[in-house]
Every structure is written in structure tokens, then in C-alpha cells.
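Engineer: Each chain, written out:
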Amino acid sequence: MPIFELTKNEFATESQVQVYNLSIDGNCQFEAFASNLTKETKSEIKKISISIWQLSANRKPRNRNHIKGKGLEVCRELKTKNLRLYYLILNPYGLVICLGGQKTKQKKDIAALKTLKNKILKYKETHGGLEIVS
Amino acid sequence: MEDSKSYLDFNFKDIVSSSEFWEENFKTSFFEAIEEYLEKNELSRNDFAKQIGVSRSYISQLMNGDSDHRLSKLIELAISMKKAPYLYLKDLDKVIENVQIGKSINIDFEDVERKAARCEMLDDQNFDKWPSTQALSVSIMSIEQTTPFRPYVKDFDSSMACVTIVKVDQELHKRKASFGKIRKQLLHDV
Numbered sequence: 001m002p003i004f005e006l007t008k009n010e011f012a013t014e015s016q017v018q019v020y021n022l023s024i025d026g027n028c029q030f031e032a033f034a035s036n037l038t039k040e041t042k043s044e045i046k047k048i049s050i051s052i053w054q055l056s057a058n059r060k061p062r063n064r065n066h067i068k069g070k071g072l073e074v075c076r077e078l079k080t081k082n083l084r085l086y087y088l089i090l091n092p093y094g095l096v097i098c099l100g101g102q103k104t105k106q107k108k109d110i111a112a113l114k115t116l117k118n119k120i121l122k123y124k125e126t127h128g129g130l131e132i133v134s
Numbered sequence: 135m136e137d138s139k140s141y142l143d144f145n146f147k148d149i150v151s152s153s154e155f156w157e158e159n160f161k162t163s164f165f166e167a168i169e170e171y172l173e174k175n176e177l178s179r180n181d182f183a184k185q186i187g188v189s190r191s192y193i194s195q196l197m198n199g200d201s202d203h204r205l206s207k208l209i210e211l212a213i214s215m216k217k218a219p220y221l222y223l224k225d226l227d228k229v230i231e232n233v234q235i236g237k238s239i240n241i242d243f244e245d246v247e248r249k250a251a252r253c254e255m256l257d258d259q260n261f262d263k264w265p266s267t268q269a270l271s272v273s274i275m276s277i278e279q280t281t282p283f284r285p286y287v288k289d290f291d292s293s294m295a296c297v298t299i300v301k302v303d304q305e306l307h308k309r310k311a312s313f314g315k316i317r318k319q320l321l322h323d324v
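Protein chains in written order, with this note's numbering: chain Y, 1 to 134; chain H, 135 to 324.
It should be emphasised that the hints constitute simulated quantities derived from the structure, not laboratory data.
Glycine included, every Cβ here is placed at the ideal spot set by N, Cα and C.
Hints may contain errors.
[Said to hold, decoys possible] Computed cross-link-like contacts, DSS-like style, restricted to lysine-lysine with a CA-CA straight-line distance of at most 27 angstroms:
| hint | chain 1 | residue 1 | chain 2 | residue 2 |
| --- | --- | --- | --- | --- |
| 1 | H | Lys216 | Y | Lys8 |
| 2 | Y | Lys60 | H | Lys174 |
| 3 | H | Lys161 | Y | Lys68 |
| 4 | Y | Lys108 | Y | Lys122 |
| 5 | Y | Lys60 | H | Lys237 |
| 6 | Y | Lys46 | H | Lys216 |
| 7 | Y | Lys124 | Y | Lys107 |
| 8 | H | Lys224 | H | Lys207 |
| 9 | Y | Lys8 | H | Lys237 |
| 10 | Y | Lys81 | H | Lys147 |
| 11 | H | Lys174 | H | Lys161 |
| 12 | H | Lys161 | Y | Lys81 |
[Unchecked claim] Sample of chain Y residues at the chain H side, in silico, Cβ under 7 angstroms:
| hint | residue |
| --- | --- |
| 13 | Phe11 |
| 14 | Glu14 |
| 15 | Glu31 |
| 16 | Ala34 |
| 17 | Ser35 |
| 18 | Ser49 |
| 19 | Ile50 |
| 20 | Arg59 |
| 21 | Lys60 |
| 22 | Arg62 |
| 23 | Gly94 |
I would like the entire structure built from these sequences, with the hints used as guidance.
Structural biologist: What follows is the structure in C-alpha cells.
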């Protein structure tokens, strides 16, 4: 099983809600997503970063959506014209950014998110929690 | 925490300095206010659009879109929700300073108002009636003005220009005499 860890998201500077990036075997998922954007979608990551700040301030970003579907009750997304950033509500931590992707690959990404969510919950149960690393 | 400039070409300070950040927050405030209004009055977006004489698509655009709405229309909208649209302009350098030292830049105006209202409790006549654990937030103008309160100051938030004064039972009772003076100075300063 991979090692799941949490790191605080740099844009989540407020303290009302904690927002973490998920790292899988030391690879930060948010960073991987943000560093692999195309020239066209690069401008949209700024809007997502603003929404992350809003989440940490317990505001309601206008581009936040609940993801519908069985087993996805704790899953949310932040969306822009072409991008999607998926996160989980994970107690007792707060919000955990798990995956980012393109709008065109939504279905595939949501299926991956569901699998990832189950793995995280299993890891949390077997390891007694997720480590928060700085 | 890693600086995002290593994988993005901006960091949080750059975001706070951008008009995009403040515009999005302004729009989000409207979004939250409309959502609250609709929920409180059990209205659909359609009902609300009819009530204020605009199209449903205008409401959707306002809540979720990126259009640059006219100020007069936004004010009209606020008034129709029975809200007075105050505007608060804060020195951007101070906001960025707060970002750099890791302090909050979010202002909850309702909370500020609550704290200001509690300022009235700063009265040595009813001081004995305070519960022992009661914390009192006081609006003040600058950090220098907190000096007389230092023994009682639990937290100072420069972004809110507020201090939280906690009643410390024994010590504070001993100093009750001087507290009257502090109160006078505080009320004068406020």
C-alpha cells in the first residue's frame, strides 16, 4: 500500500478550515497537477488558488461543487473552464486535495477519486491516521 | 511549507496583490448573501429574479458567472435583499504585511460588529457580574493603545484592530481601581 501523507496547502492561509494536499509516496498531488498544466490552462490555476484560500476562510467559493454519485458523499470539486480539482472532507483533518485534472477527463478522474478515497480511508484505519508533514 | 513559485509562477502574496483575488471575493460575498437570502425566504432563483425584475439568467450569471456587473445594479440587488452595501478599503500594504507574517486577512464584519457591541460591557459598574471565564473584545485604534491592557490582553488582531481582554479573576479584582481609568482611556480612544 502506498504511503499517504498530508501537507498544508500554501494558499490555505486562513485558520477556519484546514486544507491539505495529499502526498502519495512523497509526491504531492496538487503540485503535480499545478506543474503539468498547458499554456491554455495555466491561467486558470490562479482562480483555483483563490478558491482554496476561500475554503480555508470558511467561505463558499462560487466554483465549488458537490460530486454526485454513490460513495462520493465526501467528495467535492473546484472547477474552472477547463480544470477540475478534487478534494475530500476528511475528519478530523479538514479538506484534502487529492487529484486535479482536465474537464474532458472528468469521468475517469472521478472514478480514480473514488478508488483513492477508499484507499485513504483504509490507510487511515490501518495506520491510525495520516501523518501531517511540513 | 514549500513556496508555490517553485512549481507555479506566482505565490499567495502575488494573488493577494491581484485584482482577480478581490474581485472574486467581492462576487463570492454577493453569492453568499443571495444564497442566504434565498434560503431564509424559501425562494428559488426564479422567484428572486421575478421579485427584483431581472431575468433568471442574470441571477445565474451573477452567482456563478464571470461577468463584470454594473455597480448600480449590484447596489440595487443588495437593497432588494434589505442589505446596506458598505464598502471598506484597507491599506493593501498592511494586508500584504499580514500575509507575510502568516496572519489572517479575512475580515468577518459581523464578528467585528459583535465585538464592538460588547465594548459596552467595559463598564466597571457591571464588572463584578462578568462570569469568570468571560472574554471581552474591544475595538481599539492601534497596538500602542493596548499597552495599559497588556496584563489582560489574550490576543491582538491588528487586521481587525481588536484586542481580546480576558478577565483574570484575582489579579483583575486587585486592579479593579485602575481598571476604571483603563476603561475611560479606552472609551476615549475608541
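Engineer: Against each hint, give a clear statement of whether it holds in the structure.
Structural biologist: Okay, the hints, checked on the actual structure:
Restraint check for H/Lys216 and Y/Lys8: not satisfied, since their Cα atoms lie roughly 39 angstroms apart, outside the 27 angstroms limit. Taking the CA atoms of Y/Lys60 and H/Lys174, the gap is about 17 angstroms. The hint holds against a cut of 27 angstroms. The straight-line distance between the Cα atoms of H/Lys161 and Y/Lys68 is roughly 25 angstroms, inside the 27 angstroms bound, and the hint therefore holds. Restraint check: the Cα-Cα separation between Y/Lys108 and Y/Lys122 comes to about 22 angstroms, which is no more than 27 angstroms; the hinted pair holds.
Between Y/Lys60 and H/Lys237, the direct Cα distance comes to roughly 20 angstroms. Compliance with the 27 angstroms bound is thereby established for this hinted pair. For the hint linking Y/Lys46 to H/Lys216, the alpha-carbon distance of about 33 angstroms lies beyond 27 angstroms, and the restraint is violated. With a C-alpha separation of about 26 angstroms, the suggested pair Y/Lys124 and Y/Lys107 falls inside the 27 angstroms cut-off, and the hint holds. A threshold of 27 angstroms between alpha carbons decides the hint, and for H/Lys224 with H/Lys207 the separation of about 24 angstroms falls inside it, so the pair holds.
Proposed proximity of Y/Lys8 and H/Lys237 is supported: the alpha carbons are some 15 angstroms apart, at most 27 angstroms. For the proposed pair Y/Lys81 and H/Lys147, the alpha carbon gap of about 24 angstroms is at most 27 angstroms, so the pair holds. For the proposed pair H/Lys174 and H/Lys161, the alpha carbon gap of about 20 angstroms is at most 27 angstroms, so the pair holds. Between H/Lys161 and Y/Lys81 the CA atoms are separated by roughly 17 angstroms; this keeps the pair inside 27 angstroms, and the hint holds.
Nearest Cβ of chain H to the Cβ of Y/Phe11: about 5 angstroms, under the 7 angstroms cut. The hint holds. Taking 7 angstroms as the C-beta contact cut-off toward chain H, the hint placing Y/Glu14 at the interface holds, the least distance being around 5 angstroms. Interface hint status for Y/Glu31: upheld, as the beta-carbon distance to the closest one in chain H is roughly 5 angstroms, under 7 angstroms. With its C-beta approaching chain H no nearer than about 5 angstroms, Y/Ala34 sits inside the 7 angstroms limit, and its interface hint holds.
With a least beta-carbon distance of about 4 angstroms to chain H, the hint placing Y/Ser35 at the interface is held under the 7 angstroms criterion. The criterion of a C-beta within 7 angstroms of any C-beta in chain H is met by Y/Ser49, whose closest approach is roughly 6 angstroms, and the hint holds. Checking Y/Ile50 against chain H: minimum C-beta separation of about 5 angstroms stays under 7 angstroms; hint holds. With its C-beta approaching chain H no nearer than about 6 angstroms, Y/Arg59 sits inside the 7 angstroms limit, and its interface hint holds.
Hint status for Y/Lys60 relative to chain H: holds, with the closest Cβ pair at about 5 angstroms, below 7 angstroms. Interface restraint check: Y/Arg62 against chain H, minimum CB-CB distance 5 angstroms, threshold 7 angstroms, status holds. At its closest, the beta carbon of Y/Gly94 sits 15 angstroms from a beta carbon of chain H; the interface hint therefore is violated under the 7 angstroms criterion.
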